[in-house]
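Chemist: Based on the provided sequences and hints, a complete structural model is requested.
There are 2 protein chains.
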Amino acid sequence: MKPGIPKGTRDFSSTEVAKRNYIFNTIKHSFENFGFQPIETPSFENSETLMGKYGEEGDRLIFKILNSGDYLKKVDENLLVDKDSQKVTSKISEKALRYDLTVPFARYVVQHQNEITFPFKRYQIQPVWRADRPQKGRFREFYQCDADVVGSTSLWQEVEFVQLYDTVFSKLGLKGTTIKINNRKILSGIAEVIGASDKLIDFTVALDKLDKIGKDGVVKEMLEKGISAEAIEKVDPLFNFSGSNQDKLASLEAMLQGSEEGLQGVADLRTVVNNVESLGLDSASLELDVTLARGLNYYTGAIYEVAAPEGVKMGSIGGGGRYDDLTGIFGLKDVSGVGISFGLDRIYLVMEELGLFEAVELPKPKVLFLNFEESESLEKVKIIKTLRSNDIKAEMYPDVATSNNQQKKQWKYAINREIEFVVTTVENGTLVVKDMVAGEQTTCSLDELINKVQ
Amino acid sequence: MKPGIPKGTRDFSSTEVAKRNYIFNTIKHSFENFGFQPIETPSFENSETLMGKYGEEGDRLIFKILNSGDYLKKVDENLLVDKDSQKVTSKISEKALRYDLTVPFARYVVQHQNEITFPFKRYQIQPVWRADRPQKGRFREFYQCDADVVGSTSLWQEVEFVQLYDTVFSKLGLKGTTIKINNRKILSGIAEVIGASDKLIDFTVALDKLDKIGKDGVVKEMLEKGISAEAIEKVDPLFNFSGSNQDKLASLEAMLQGSEEGLQGVADLRTVVNNVESLGLDSASLELDVTLARGLNYYTGAIYEVAAPEGVKMGSIGGGGRYDDLTGIFGLKDVSGVGISFGLDRIYLVMEELGLFEAVELPKPKVLFLNFEESESLEKVKIIKTLRSNDIKAEMYPDVATSNNQQKKQWKYAINREIEFVVTTVENGTLVVKDMVAGEQTTCSLDELINKVQ
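Sequence order for the protein chains is W and B. For the first sequence, our numbering begins at 551 and goes up steadily by one. For the second sequence, our numbering begins at 551 and goes up steadily by one.
Certain hints may be false.
Each pair may be met inside one copy or between any two copies, as identical chains are not told apart.
[Claimed, not checked] Below are the DSS-like pairs computed for lysine-lysine, each with C-alpha atoms no more than 27 Å apart in a straight line: (1) K883 with K959; (2) K1002 with K932; (3) K721 with K863; (4) K883 with K552; (5) K624 with K637; (6) K916 with K623; (7) K932 with K749; (8) K762 with K775; (9) K962 with K883; (10) K633 with K770; (11) K984 with K958; (12) K958 with K916; (13) K863 with K725; (14) K557 with K623.
It is worth saying that the hints were derived from the structure and are not from the lab.
Modeler: As structure tokens, then:
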């Protein structure tokens, strides 16, 4: 049997783990710096917690866990004979793997509402599982990194998430990202102005093609989708929607005069944009984008999406927004929330492409002691103990070499693991050290070695 | 519907996550300091990778994942009508959740053998799942923390693991642990001397009761189990098995003269004990314990177990040993391995009992800015930005208070989250700060606040 792993899953080598942890730790540090607190929830939830929360397609993609023991015993025979997989599922499976972090978070908030101090700023970095068809960049097991605040409707939170994106990407060295922002209320306003909220998605999809097919092409598509010429005329400013965020806001304000909700959206966005401008961003830029309509069915206020630096071909590397009734599904009404997430796998690929992992310290020893002479081993291991207590990663090749070939094997080990300093012999406190990068061999004391390495 | 989680699983609050991460990070740091490299494997494996590796009981306790789609379609109708749960399982489930980290590690080594440099020192800290009956301290989802070396038979590795245990527990502040050590070859030697290897477990179980029931009680139990009086006589030194490790080794050497394997075990243990003594331990003590027989069916050399400091009632908080053919099950022969693991949940309980979490920095802001006056908000948020860039966790209460009650709510928030410094007002660069621990209110500049907090 040739060993393998299920499709859509991955083994991670040491180097990959180190790079991924570098991203995780940077995100975590910024989350905590901004006052967010970690929580963790179980990998599997009761099926009733997850089912029906992600639509029909989502239900299909949830991994279900088979009940233990004689799980068929109590199942109605007719269901089995009919081979009705869907109906049988709920009889033989009562647990399912987490599909995202949002629904478990909502469940957590409701379950622990009496222990939580609101507004509750939580972050969560855990894997999720989806029985999606695996393809390039899409996996069946992957991490989500979410930060959310529940219990506050303040626009300052929406400002803070822009700062948080900027801080994390700046710390990762990922300069030049674009944080796109929109507001659901502006989209509702546009819907009002074009006369049909059911056309809103057609409208934004068409508008999004402006760069590619030009104004004429977009108008043609909108007309085909049943949006009237008169309505299109009303939102004409969107076809020349360039300039600064302030220009765009002014243009939207003029355009949405007929819609109270739309004007509220403009006011909200203006508050966020103005405050972000006053506070300044380190390396990202904020861009008002009215075509941004992700998660339209549940976002109720701000909508975010982050684009990788120009020149890197990659979908969004983050996104989020405000939702007004996250916990309602579990019986706790009127808890507004707003949150963002970071797309770990895509951030990883972008950083790899831009060579941003060079600073990451890989998990390998700094110093290797060769083991050619049994009688020297104890002294070497004593020195290693001192190096380690000075926070220097060090080890001795465990097996003593009893032949030329075995000596070569130890050198090969040092080369394969890209170890910087190799100590060949130790005698009366004098070490013979080879600097593998410079290719130089010197003799030195332990203190000198510590200085050299640090 | 009242929200809940599956039995045997846990939600972790921020404080719990912080404490757990403190343990994880301490262990990780020491693992890497000792030259171990992290790997990660998928949460679920192909069923064929896991099934049959943990005995019949293990197979039963593995969580199986239901196939997606119309999974009943191709199942033989007769199996379904018979409700033969066990046979149906392999037809409707081809993936299963990881039961431990050892088998996935063996699979990883074989699958990636051409990319790995041997000896391979890996560590892995990931959750595992078992459909065990939940009880106090036993969960269906829990973390394992393992470090193993494969591809070396050197006794220096066995020395290193003793040092590693000592280092981790010392760094955690868990002083006074006892690292118990034994060697499978000594147990085989005893079996040889008592004349029956099938009586070895009965023998060690009885011997382990020496403290409680005295020599007479133990001998009685051994006779009842069918061990001859003559055999018991031969291993008589074990009934007075006290003194230093050196005393014990001398006693074992005399006792096992008839067994070549037993004497090899004494020699191996002596090497480990002598080297550990030469190197010294920081806070743990090493104790030779011939009753240590954990995992007898697969350990072939060293056997380890760690006991919590005296006075703390807790089972072992770590264990491990050498196994000679880990990867053979996946087709790669003759790869010897030795490894240890840390029992996270028990270590957590011990540290809680001994009050060792006091040094852990909890994830909460150091400084909270109250939000009573809209006009001050922007200035406050600007100050917060500076604090955060000085690595000080800070936040503003997001919603502005428009009533006395809402002001009280903000103070309550500060108290509930145990925030140390509360800034009430900011005017022209002068901050009014309340030190919540000392109960004093002062005015100061931003620089003074930064100094105060750091």
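Chemist: Evaluate each hint against the coordinates.
Modeler: Hint-by-hint comparison with the structure:
1. K883 with K959: between (66 Å within a copy, 20 Å between copies)
2. K1002 with K932: For K1002 and K932, only the intra-copy Cα distance (19 Å) is at most 27 Å; the inter-copy one is 43 Å.
3. K721 with K863: Within one copy only: 21 Å inside, 45 Å across.
4. K883 with K552: Classified as between; 14 Å across copies, 53 Å inside a copy.
5. K624 with K637: both (14 Å within a copy, 16 Å between copies)
6. K916 with K623: neither (59 Å within a copy, 56 Å between copies)
7. K932 with K749: For K932 and K749, neither the intra-copy (74 Å) nor the inter-copy (41 Å) Cα distance is at most 27 Å.
8. K762 with K775: Result: close within a single copy only, 18 Å intra versus 85 Å inter.
9. K962 with K883: So K962 and K883 pass the 27 Å test across copies only (22 Å; inside, 64 Å).
10. K633 with K770: Classified as neither: same-chain Cα gap 49 Å, cross-chain 60 Å, threshold 27 Å.
11. K984 with K958: within (15 Å within a copy, 66 Å between copies)
12. K958 with K916: So K958 and K916 pass the 27 Å test inside one copy only (19 Å; across, 55 Å).
13. K863 with K725: within (15 Å within a copy, 53 Å between copies)
14. K557 with K623: between (31 Å within a copy, 21 Å between copies)
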